[in-house]
Every structure is written in structure tokens, then in C-alpha cells.
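> Listed below, chain by chain, are the residues.
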Amino acid sequence: MNSSVESIVPFNQFIDSAQGDHPHGNSGDWLSEIKEKGRIEFYKLGWPSPKFESWRYTNLNKLAKTQFFLPQDMELAKLPYQDILPVDAPKIALVNGKFNRELSDLSTISEGILVNNFQGMSDEQRALFSLENPTTLPKEGLPVKALNDALLSDVLFIEIRPGWQSDVPLHIVSIGCGDHVGFSSKIFVSAGENSHLDIVESHAGEYESTYFSSCVSNIDIKAGARLGHYKLQNDTNTSTHLALTQTSIEADAAYDNFVMSVGGILSRSEVRSFIAASGVECCVNGAYLGTLNQHMDNTTFIEHAAEGSKSREVFKGVLADHAKGVFQGKIFVHPEAQKTDGYQMNRALLLSDKAEIDSKPELEIYADDVRCSHGATVGELEEEHLFYLKARGINAESARRLLVEAYIGEVIDEIQSQSIKEALSRVASDLLKKKLFERCNER
Amino acid sequence: MSILSIENLHANVGETEILRGINLKIEPGEVHAVMGPNGSGKSTLSYVLAGRDGYSVTGGSVEFKDKDLLELEADERANEGVFLAFQYPVEVPGVTGMTFLREAYNSRLRYEGRDEADAMEFLKLVRSKAKDLNMSDDMLKRPVNVGFSGGEKKRNEILQMAVLEPKLAILDETDSGLDIDALKLVADGVNALRTSERSMLIITHYQRLLDYIEPDHVHVLAHGQIQRSGGKELALELEANGYAEFFDGKV
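Taken in order, these protein sequences are the chains called U and X.
So for the first sequence, the numbering used here puts the first residue at 1; every next one is plus one.
So for the second sequence, the numbering used here puts the first residue at 1; every next one is plus one.
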């Protein structure tokens, strides 16, 4: 399509304007190249169409028609702590997608963990970064990647030295602020052999901000390593969050992923894991809590390309008001991936008859000696449970809150890191209270 | 003043009339047993008193400590001191026994306009009561009733009753599904809670439970009405002769 027609789409005007942005001075050439390539690629591919199987339930039409602007250098005095996961960890702050030194605290980071943003990356790291991830994206995933490239604000490069095992997590805090600003960041994680680290992401926004946030993570987990990757998406309720995580996992390594979606008017978290070798344990879990008109999409793809690996996937959601949830999960087993053990489950609790969940669990198996199961359930709070609690003096609202909290608590329990599990439980409990039960008192 | 005063109570489940004019008065400290065959309306009576949705009262009145019980929500009734021990205690996934008890206990304190209980003090209280019922700490840490045996579930009901100290306990078929040892343990728990103030309404099909929890009064419920009332000897008579005389060919 010719670009003058494309530019009529308000969002595309924004993409064009992003090309002139050289935030990093002369060292920005490399970044500019990625952006320009991304822009051309994105215009060639076009917006993800509802004709694509994986975009049937999530429509970006409205987003395309919204005009966004490049963030100015914003004065963000402090982080909105109440919306960020409370973890005791070195902190990397991204403000509108760009690394912010003042709000970051890397003083306690251990020596085995290397963190650079775009400016500090070595040529070697840039070369690594440019390598194609072994998880080959299908056609429908490409626009999101191209869009992320086209708007790229900054890059985080995190390298964990082989054998380095840390009990202290690393916290990436991404904050959006401004009126209709758009930004994009990329996180590259290389977990060396037999290393161990938990990476936590908190995505939040300054009060009353509206923004578009795109986040692509490329994760490479070498043999015997363990990586925990936990994310709280708590963006402002008017914002859009598009995330794509691609992970490749080598022999006897483990990946423990959890995404908790709470914020955003529209959010999509796509997690794609490529199991390249045997002895891998891959967990892709999540919770979503939607109210009002929120739209929350969790799309996952777990690819077993080698024999004798295990994957587990549990999602649980609570949807109220007019909220809509989408779950698309696929386990793909190659012919050589015998003895694969795969489990997948999505459960949704609907608290209103206007709330909706579209659930699409899929198995595609080309090996004959595997154990794979999947399922999906939709339900409401059970009268029997509510009455039992009320018969013990617990009022209807508290009873509902307890039951919903317990429902979500069961999936938070899947998180392997004890400290993150506890932090996320507390946040989930507060957010449930705030989003579902204290709304009337708010204003 | 009676604790509970039921007058000419009529109630439907859906379109069907189940209770057809119940009259019953319970004084403080009294233990009443309501016995009856299946389908006589025993469980309906307990649910109507506890305030379960789906049971509609079509006539009559129920006073509890001079309050109109039927005006109150289920949780308000509980906080006023009505406790229903369920025939089939409900499994509540994800909510631990301790959390459940604390919420219930604090709900009552808030209802009475009092401060919530100190967490440590409350833990001690629950532990000591659990010990009396031979319940382990582990059972309190697990989700309420999930994976419990029949006997464990019933003991859990009695534990809740012991912690919440109701004014009127309604025990709905508490003996069902219990072997003799479990039954003794539960009965001991109930007997330990008998005081000169606390009243109990024991709903049962069989006389067996009444060997262990001795009632002051026994009533026979059939066709949604109390057909006969008497002392504890009435239970023995029913055990010997069955409920046949209350049917007279009627359903």
C-alpha cells in the first residue's frame, strides 16, 4: 500500500513522526535503522487483521484510529509506588519507554548481572540483539514486532553470567505518563548456563495518563539455567498495552512465567516459548482481572521441539461489568518431541452477564507418545458458597470478595518464587478490593 | 422470653408448599429435636430459619429474641446468634479454615460495633478449640472442607459453632454419614457447648444421635406440620414403630 494512504490512519502518522526522533544523539543511528526497518515492515504487513486466526477476538481498529504523540521529556518526580509490585530488588526504571537513571536504583545489583540500555550496549551485544530469535513468529505475530521496532524508544540488555545464581530479583518498572503518548521498549535477556534469576516487570502509569505501550521481550535461556519472569500489567485504565514475549529454552533449563493483567482499556500479552531441548520445564501462567470496558487478551504458544520436556499453563480470570477476556493457548508438539508432558487450563469467573470470555485452547501434536491435556471453564460465583459464608455472618460483599480472592489466589500459587508470590498476592488482594468492591466509595 | 418462636409458618420451595403451618417455641437452654421421614420438610425448616435464598415464606412468623427473624439477611441472622450446622458442609476452594473463621468472627464483632479481634489471640482461641475436637493445625491451614472426610467436615462445623458461640444452634442431620466414633466425637463437641443460655434445634431422621445428645423435647414433623410433640421417650417410640402412623396413606 502506498504510504500517503497509510498516513491517513492517525496512528500511522504517529509512526512516521517517531522516525525523526533521535533521543540518543549520534549513537542513535543503530536505533534509527531498527525503527526505519520496522516502519517499512509494518506498513507492508498492515495492522493485524481480524482475518488472522489469532486476532479474531482482539481488534486494533480503534487503536489505529487514535492519534498518539511522542513523549516530551516528562517531569516524573516519583514513581506511582502504590501501583508497582513491592519487591526488595535493584530497580531499572523506564519512563515512557526510556531508561531513567534518576528513578533507577542499580546500586545493589550483583556483579554477575549485566544491565545496559541502548546507549551502553557493546557492539557485541548489539550483534547478539539483532540475531533472530529461534521462535519463528507466525505471520500474525509480525505486525506487533514491526510496530515495536518502528516506535522503539529504548532497549534493555540483561545478561546473567553462566553459573550466576541470585536470590535477589531484578525489577523493571515501566511508567507511562502524558496525554496520548506512545512508546515502545525491548528487553533482551540472556541467561547463561546454570544461572538463576527472577526478573519482575511492573507496568503502571502516572495518574490520569493515557498512553500506548509496546513491549517486546526476547529471552534466551541456556542449558541448566532457571529464569523466573513475572509481570504486573497495571497500566492506567485508558491505556493500551501490547506485549510480546519470545523465549527459547535449552536443555534442562526452566522458565517460570506469570503475567497478571489488571490495567489498560486494551491489553494483549502474547507469550511464545520455544522448547529447544529435553529436560526443560516451562510454565506459562497468568491471571486477569477486568472491569468496566476493559479488554484483556492472553495469547500463548508453547512449542515442544525436543523429546522429554514439560510445560504447564494455568490461567484464571475474573471479569465484571462489560469486561471482555480472550484466552488463546496452543501447545505445539513436533514429531521428534516424544514423551512431552503438557498441561493447559483457562478458567474464567464472570461476575456480570455482560462480561465475556472467548477461550480457545488448542493442541497440535505430531508425536505419538505424549501426555497432553487442555481445558477451559467458565462459571459464576456459586450460590452454595455464598450462602455458606453468609450463614457464618460474613456479609454478601465480603463473601464475594473472599471467594474471588481465593479464586485468583489459586493461580498466583503457581508462581515458584515465594517472595514474588507473596508480593503479587498482596497486590492482587488490594486491586480486587479497589476495582471490584470499593468503587462506589471512590468518588 | 423465648429464644425462638415460630408461629403458623408456611414456606415454599419454588411453587411447592413444603412447610404447612409450623408452630414451635424454644426457651433458652432447651434442646429440641425435630424428627421426621425424608421429604417431611426438616431441611427446608433449617434453611428457612437460616435465610437461604430460594425458600419463600408465604405465611406465619418467626421471632428470634423478640426480633422478626424473617426480615433479616442470612448474615445478619448469623450475627444475631443463629448458627446452622450444615447437613452437607460446603467445600470452599482457596479459602483457608483460619481465614474463614477469622472473617466470620470479625464480622460478628463489627456487627456488634466492636473492634476486630487481635490476630494472635484469635489464633490461640481457635487452636485450643480445635484441639478439643481433635483437629490438627493442618486442617485449619487447608481450604475449608476441601478433601475432608465426612467426619472431618462435621467436626469442622462444630468447631465453627464453638468459635462463634451462637444463641441458637440448628444441627441439620449432623449424624448423617458418620461412623460411631465420629458421631461420639461430634456429640461430645456439641454437649460441651450446652449451656443454660444456648438453645439447640436438632434435626434428624434417626434416633441414634439423640442417644448422645439428649433432647428436652422431641417433635415429629410430617407433611410440613408438627404432628406430635413429647419428651425424649417419643424418639424411642419412633425408633421402635417408625414413621408409618404419620402417613395414613397421605404423601
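If you are wondering where the hints come from, they were derived from the structure by calculation, not from laboratory data.
Just so you know, not all the hints are guaranteed correct.
To be verified - Computed Cβ-Cβ distance ranges for the label pairs, DEER-style: (1) U:LEU142 to X:GLU91: 42 to 48 Å; (2) X:GLY21 to U:GLU422: 23 to 29 Å; (3) X:GLU91 to U:SER32: 38 to 44 Å; (4) X:SER128 to U:SER419: 42 to 48 Å; (5) U:ASP413 to X:GLY54: 31 to 37 Å; (6) X:GLU91 to U:LEU128: 20 to 26 Å; (7) X:MET120 to U:GLU397: 22 to 28 Å.
Computed from a prediction, not measured in an experiment: that's the story for all the values here.
Glycine is no exception: its CB is placed at the ideal position from the N, C-alpha and C atoms.
> Hint by hint, say whether it matches the structure.
Right, here's what the structure says about each hint:
no. : hint                             : result
1   : U:LEU142 to X:GLU91: 42 to 48 Å  : 47 Å, holds
2   : X:GLY21 to U:GLU422: 23 to 29 Å  : 56 Å, violated
3   : X:GLU91 to U:SER32: 38 to 44 Å   : 60 Å, violated
4   : X:SER128 to U:SER419: 42 to 48 Å : 33 Å, violated
5   : U:ASP413 to X:GLY54: 31 to 37 Å  : 33 Å, holds
6   : X:GLU91 to U:LEU128: 20 to 26 Å  : 52 Å, violated
7   : X:MET120 to U:GLU397: 22 to 28 Å : 27 Å, holds
Of the numbered hints listed earlier, those contradicted by the structure are 2, 3, 4, 6.
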